[in-house]
Amino acid sequence: MLDSNKDSLKLEAMKRIVAVKKLVYVYLVRYAEEQQDLALLSISTFQRGLKDPNQLIRASALRVLSSIRVTIIVPIMMLAIKEAASDMSPYVRKTAAHAIPKLHSLDPEQKDQLIEVIEKLLADKTTLVAGSVVMAFEEVCPDRIDLIHKNYRKLCNLLIDVEEWGQVVIINMLTRYARTQFLNPNINESLLEESSEKAFYASDDEEDEDKKAEAAALAKRKPYVVMAVAQLYFHLAPKAEVGIIAKALVRLMRSHSEVQYVVLQNVATMSIKRRGMFEPYLKSFYIRSTDPTQIKILKTYIKSMDKDFVAASIQAIGRCATNIGEVRDTCLNGLVQLLSNRDELVVAESVVVIKKLLQMQPEQHSDIIKHMAKLIDNIQVPMARASILWLIGEYCEHVPKIAPDVLRKMAKTFTNEEDITKLLTQYVLNLAKYDQNYDIRDRARFIRQLIVPTDKSGALNKYAKKLFLALKPAPELPDWPESAPDPSVRNVEVKDSVCARRTVLTGPEGAGVIRLLERVTTLTSIPEWSKCTSRKDQSDSGSGSESASGSDESASGSESEESGEETESEEDEEDEEEEKKKRKKLDKPKAKKPVEESAESEQSSGAEDRKRIRKAVKNQKSASESESESESSESEDESEEESEEESESDTDVRKKKYCFSRQPFSPDPNMVAVQIQFTNNTTSETKNLHIEDPRLQSGMRIREFAEIDMLAAGESITVVMGIDFCDSTQAANFQLTHTRKFFVSIQPPVGELMTPAFLTENDFKKEQGKLMGMNEISEKLTLGAKCVNEHVIVERVTATANLSRVPCGSDKECSTPPPPPSAPVYRFAGKTVSSGCLVLVTVATKEGGGAQLTVNCEKMVIGTMLVKDILQALSQ
Amino acid sequence: MIHSLFLINNAGDLFLEKHWKSVISRSVCDYFFEAREKAVEPDNVPPVIRTPHHYLINIYREKIFFVSVIQTEVPPLFVIEFLHRVAETFQDYFGECSETTIKDNVVIVYELLEEMLDNGFPLATESNILKELIRPPTILRTMVNTITGSSNVGETLPTGQLSTIPWRRAGVKYTNNEAYFDVVEEIDAILDKSGTTVFAEIQGVIDACVKLSGMPDLTLSFMNPRLLDDVSFHPCVRYKRWESERVISFIPPDGNFQLMSYHISAQNLVAIPVYVKQNISFFETGSSGRLDITVGPKQTMGKTVECLVVTVHMPKVVLSANLNATQGTYNYDPVTKILVWDIGKLNSQKLPNLKGSLSLQSGAPKPEENPSLNIDLKIQQLAISGLKVNRLDMYGEKYKPFKGVKYVTKAGKFQVRT
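One line per chain: the protein sequences are V and H, in this order.
Counting in the UniProt record's numbering, the first sequence tops out at residue 876, every number present.
Counting in the UniProt record's numbering, the second sequence tops out at residue 418, every number present.
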């Protein structure tokens with residue numbers, strides 16, 4: 001039949017041959033590598049097939065030929081591919097595209113030639129070819145994005161009609177392309193729309209988006225296409241448009257379990273980056289994805305039999321509550337109800353979750369804590385016990401009456417507890433030390449010294465023991481003599497601690513030790529507590545003003561002495577007898593009225609001492625500040641950005657300087673205070689100096705200073721004005737007018753657009769966790785020669801940006817056992833003035849003068865600029 | 001993309017392997033076996049397993065693991081979906097997708113796999129094209145083949161692959177030209193103890209069976225297209241027309257296919273066709289319990305509820321059930337602890353009731369919670385969302401087709417909490 005003249009007959013014959021040989025091909029392709037000679041025999045047949053008038057036969061011949069993995073035929077394949085790439089039939093061209101990666105994997109040296117073929121095929125206008133050639137492109141030369149430029153629009157247009165598998169490949173490629181070639185539309189939004197360049201891209205983007213929208217909707221049929229589109233949207237689309245994919249993704253949830261798995265994984269990732277994207281669809285995630293919001297539903301599930309699932313769902317509740325503020329209360333209520341559940345595991349798990357939740361808003365929920373405190377007697381699961389303890393420790397100021405009770409109980413049973421509880425008890429104590437309440441802190445410190453045997457503080461321990469033993473027979477005796485060795489132990493630690501204000505601290509340090517000893521006496525009697533709490537309020541109000549003013553003395557002061565202590569807290573196995581003895585002490589509430597009173601007075605004096613010192617420090621600071629402000633010309637004070645403008649075009653040289661005073665601008669907290677000093681260098685006096693005609697970017701506001709009536713010759717005057725820069729570094733332009741007008745343009749350095757925010761290290765980390773991904777900008781740098789010690793680094797950073805240092809030291813507490821800090825990490829926190837966005841700066845130093853600078857800020861522009869500025873400051 | 005495929009049965013035997021590029025040793029599956037062991041239940045095997053050099057992406061269907069080996073970064077859904085397509089194709093070809101059928105038809109399986117992927121990239125996956133290339137086995141053909149010695153590889157060339165509408169083969173001819181559409185809606189709902197709806201939504205599909213000659217161009221329009229919230233179409237549907245005119249315009253594939261699926265969101269009020277009154281209680285003493293379930297019609301739009309089945313997953317301690325059903329039959333399987341009450345047609349005059357006692361394992365603590373009820377039902381001639389097809393027009397061909405639309409409502413994941 002093959003020899004027949006009629007085409008149709010020939011075709012028929014060929015078909016049959018191809019058909020019959022199908023299995024031979026399968027075999028051939030599979031074993032060609034092993035039996036090269038035999039494989040070669042067949043090649044001439046395929047070569048003949050390549051010339052066949054029927055396109056399908058040409059295509060299948062090429063397909064089989066290219067599938068044979070024998071290096072000798074590379075040139076033949078190359079020729080065949082080239083020929084096929086310019087074939088009349090799109091189907092053959094498609095096969096050629098398929099053959100390209102095969103040849104490439106067989107012989108990578110052919111790459112250049114193959115790229116030429118790809119380039120040619122990319123220009124192809126048929127949908128049949130598009131998917132395959134993009135696939136080849138991705139496999140052979142994904143980095144040659146220049147090949148795409150010409151074809152980008154065409155591919156976008158073709159996308160809808162390409163078959164599904166090809167769509168995925170093309171969409172993925174376009175995503176990558178757009179990511180590398182276009183500006184981020186989200187950034188663009190925040191940037192003011194000025195540049196014509198941007199406009200160009202915007203139009204391009206829009207077009208792109210249109211295509212995507214179509215593709216997205218059309219492609220919805222197949223999960224993988226949807227996912228690809230979703231990823232594209234996720235990576236490219238402006239925030240407003242992301243909603244479309246959420247809906248589509250939620251729909252995928254009804255598909256096969258594997259699909260669900262992958263989709264959920266993706267949803268999770270996406271929702272981390274784009275919060276709220278899936279909020280409208282939460283209901284759909286209810287049970288089946290164990291990602292529920294509503295307690296009602298889950299509660300019934302909690303009743304189900306599978307314990308693991310129960311635990312997981314409780315955790316899920318927790319997670320939901322963390323993420324979605326509005327339902328938090330519902331969740332909490334539900335969880336508290338669960339506390340009375342019969343099943344211990346459920347209770348335990350709930351406790352752990354409640355703990356996490358309460359961390360977020362402890363103030364309102366002291367009753368829950370109380371409830372939990374009662375529960376501790378019944379709960380056996382160590383993790384839960386630990387959590388309750390932690391909670392109590394952390395928030396004992398809210399439940400002043402219960403905390404000591406529980407602590408006492410815990411102390412009693414300490415040895416019986418499992419390890420984790422032990423560790424956490426220790427942790428509770430540590431936390432208690434950071435409490436606002438001196439008494440709790442002291443008490444905790446004391447208990448800790450007693451029950452947590454440590455290596456370094458062995459000496460102290462012994463003393464404590466002695467102290468206690470001594471106390472028992474003679475409680476009347478004040479323990480003054482014993483206090484002597486304590487400071488020596490501590491002083492060593494203070495040296496370790498990195499606080500610069502060490503000298504200042506020795507005062508409260510001593511007082512602390514003294515108070516500790518005083519505590520010894522008061523500790524065992526409970527009535528004392530009510531008094532203590534009242535005192536707490538006093539001291540709170542005392543320190544409140546300080547922290548409000550942005551200085552962190554109070555925190556660093558109290559911490560430096562404690563951070564030292566941490567280093568000594570290494571676990572050690574001590575004989576339990578000793579401990580028991582100590583505990584016995586604790587257990588016995590003894591009435592020691594006389595001592596108590598004296599201790600009381602001493603203690604309050606101690607507290608007062610400390611207060612006094614603090615005040616002094618504060619005064620000093622404010623004094624130095626006011627000093628530097630009044631003479632704003634002095635350049636030594638790095639915390640002030642300064643700029644000078646001389647209007648030389650003006651004949652009368654009137655000098656003005658402005659600086660950012662870094663004071664909160666009282667009339668409007670959203671404004672940056674700008675201090676302006678005018679100096680009249682002329683001989684005549686200047687009258688009616690005022691601001692006129694401010695030309696501001698949209699959203700910017702200005703609060704003018706009061707008109708200066710008169711400025712005598714040679715005199716200078718300082719005024720403060722407020723400018724709301726809207727968190728941008730655009731200059732504020734206005735005119736200063738007296739007899740003449742001159743233009744003033746104030747452009748703020750990015751560091752001045754923020755005010756210090758006081759955060760604890762834990763808060764800092766928590767906030768940082770929320771500002772990951774695009775909101776995080778990280779740079780490596782080499783510290784400048786001068787940036788050798790902590791002081792300089794802190795100074796440099798705070799000079800660059802108006803941030804406050806986050807007190808360090810507590811990070812050792814967070815992770816038990818404490819890892820030794822090899823290189824210090826400095827953290828700074830602030831808020832932007834206008835919108836109050838958090839700005840978190842981390843400088844992690846490394847050995848050898850390197851450092852890693854990380855800025856987390858929702859406003860990416862600010863973050864980027866800040867990184868640049870700080871980088872410069874630190875590497876000088 | 002997809003490098004190799006291994007088929008592994010539930011017992012862990014690797015019974016088929018196919019490589020599209022160079023051969024990868026079977027030993028790569030050890031990672032899979034490891035994960036399989038860890039997962040205990042076959043359903044719990046992670047779909048994506050990372051090994052030092054490859055990714056193993058697997059699906060579990062019909063007691064067979066389809067394990068694919070991937071060497072480069074690929075969208076996992078791409079592979080997962082392809083594997084499902086393979087499984088579906090087998091099902092399509094052999095009636096069922098099981099180890100036995102695959103082994104029986106190993107030649108066809110290899111042929112299919114060879115056609116479906118070229119160098120790891122999907123080539124021909126549409127069932128229409130595949131069936132042109134490789135004929136599905138029928139008893140008659142197998143007999144003929146054994147006698148004549150011919151293979152079941154298609155006699156024709158896959159012309160469909162050439163066209164821009166790969167889903168339709170050319171030269172289709174029917175004597176009776178007909179087009180049927182089934183609007184099938186499923187209600188996913190969760191009702192709480194008191195009968196209030198916690199969550200309800202409707203998932204719908206339109207299945208089509210189109211047997212029309214030539215190249216017909218169909219247009220389907222709805223009375224109330226606004227109801228449809230989230231739609232997804234068969235690739236044959238012209239999306240632009242849907243966007244602008246809310247009509248479905250398409251050149252249909254030949255035979256059965258799913259034209260579209262849609263979703264009616266929870267925002268719309270969903271009619272719940274039945275209500276359930278239940279009382280399940282376990283007693284502290286005497287290791288027994290009571291069960292009393294009554295089902296009644298709620299919002300059925302005047303239609304009868306059929307095929308009503310109530311399924312209860314009992315707690316483990318329930319040994320047996322001694323119940324009395326006023327209608328239908330019940331069956332309690334003490335091994336799986338599943339109580340199935342098959343009611344059948346719901347009679348609104350005399351509500352079906354299932355009542356009786358449950359006996360529990362003596363000594364064991366009484367179950368903490370009551371099991372929830374799963375309801376299954378079917379309502380003919382009703383789309384519960386109220387969706388209605390307006391008309392179907394055909395262009396491009398001259399004959400007059402026979403058209404028909406059918407509506408069915410079913411219960412999807414319909415649960416009543418107790």
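By construction, these hints were calculated from the structure, which means they are not laboratory data.
One thing to keep in mind: the hints can contain errors.
Here are the simulated lysine-lysine pairs, DSS-like style, with alpha carbons at most 27 Å apart [as the list claims (entries may be wrong)]:
#1 H:388 / V:150
#2 V:154 / H:337
#3 H:63 / H:303
#4 V:51 / V:120
#5 H:240 / H:303
#6 V:125 / H:240
#7 H:63 / H:193
#8 H:18 / H:63
#9 V:687 / V:766
Sample of chain H residues with no beta-carbon within 10 Å of chain V, all distances over it, derived [what the hints assert, rightly or not]:
#10 1
#11 21
#12 75
#13 118
#14 123
#15 211
#16 285
#17 323
Keep in mind the model is a prediction, meaning the values are calculated, not measured.
For glycine and all other residues, C-beta sits at the position ideal for the given N, C-alpha and C.
Going down the list of hints, with the structure as the test:
1. Using a Cα cut-off of 27 Å, the hinted pair residue 388 of chain H and residue 150 of chain V is violated, with the two alpha carbons roughly 46 Å apart.
2. Between the alpha carbons of residue 154 of chain V and residue 337 of chain H the distance comes to roughly 60 Å, so the proposed pair goes past 27 Å and is violated.
3. Proposed proximity of residue 63 of chain H and residue 303 of chain H is contradicted: the alpha carbons are some 39 Å apart, above 27 Å.
4. With a CA separation close to 21 Å, the supplied pair residue 51 of chain V and residue 120 of chain V stays within the 27 Å bound.
5. Restraint check for residue 240 of chain H and residue 303 of chain H: not satisfied, since their Cα atoms lie roughly 36 Å apart, outside the 27 Å limit.
6. The hinted pair formed by residue 125 of chain V and residue 240 of chain H meets the criterion: a straight-line CA distance of about 21 Å does not exceed 27 Å.
7. A threshold of 27 Å between alpha carbons decides the hint, and for residue 63 of chain H with residue 193 of chain H the separation of about 36 Å lies outside it, so the pair is violated.
8. For a cut-off of 27 Å, the pair hint linking residue 18 of chain H to residue 63 of chain H stands: about 19 Å separates their Cα positions.
9. Under the criterion of a C-alpha separation no larger than 27 Å, the hint pairing residue 687 of chain V with residue 766 of chain V is inconsistent with the structure, at around 54 Å.
10. Residue placement check: residue 1 of chain H does not keep its beta carbon more than 10 Å from all beta carbons of chain V (closest about 8 Å).
11. The Cβ of residue 21 of chain H does not lie farther than 10 Å from every Cβ of chain V; its closest approach is about 7 Å, which violates its non-interface assignment.
12. A Cβ of chain V approaches the Cβ of residue 75 of chain H within 10 Å, the least distance being about 6 Å, so the stated non-interface status is violated.
13. Remark: the non-interface label on residue 118 of chain H conflicts with the geometry, its nearest Cβ contact in chain V lying 5 Å away (cut-off 10 Å).
14. At the 10 Å boundary, the C-beta of residue 123 of chain H falls inside the reach of chain V, the nearest C-beta of that chain being 7 Å off.
15. Listed as a non-interface residue, residue 211 of chain H keeps its Cβ farther than 10 Å from every Cβ of chain V; the least gap is roughly 22 Å.
16. The Cβ of residue 285 of chain H lies farther than 10 Å from every Cβ of chain V, with a closest approach of about 17 Å, so its non-interface assignment holds.
17. Interface exclusion of residue 323 of chain H from chain V stands, the closest Cβ pair being 22 Å apart, more than 10 Å.
Of the hints listed earlier, those the structure fails to meet are numbers 1, 2, 3, 5, 7, 9, 10, 11, 12, 13 and 14, in rising order.
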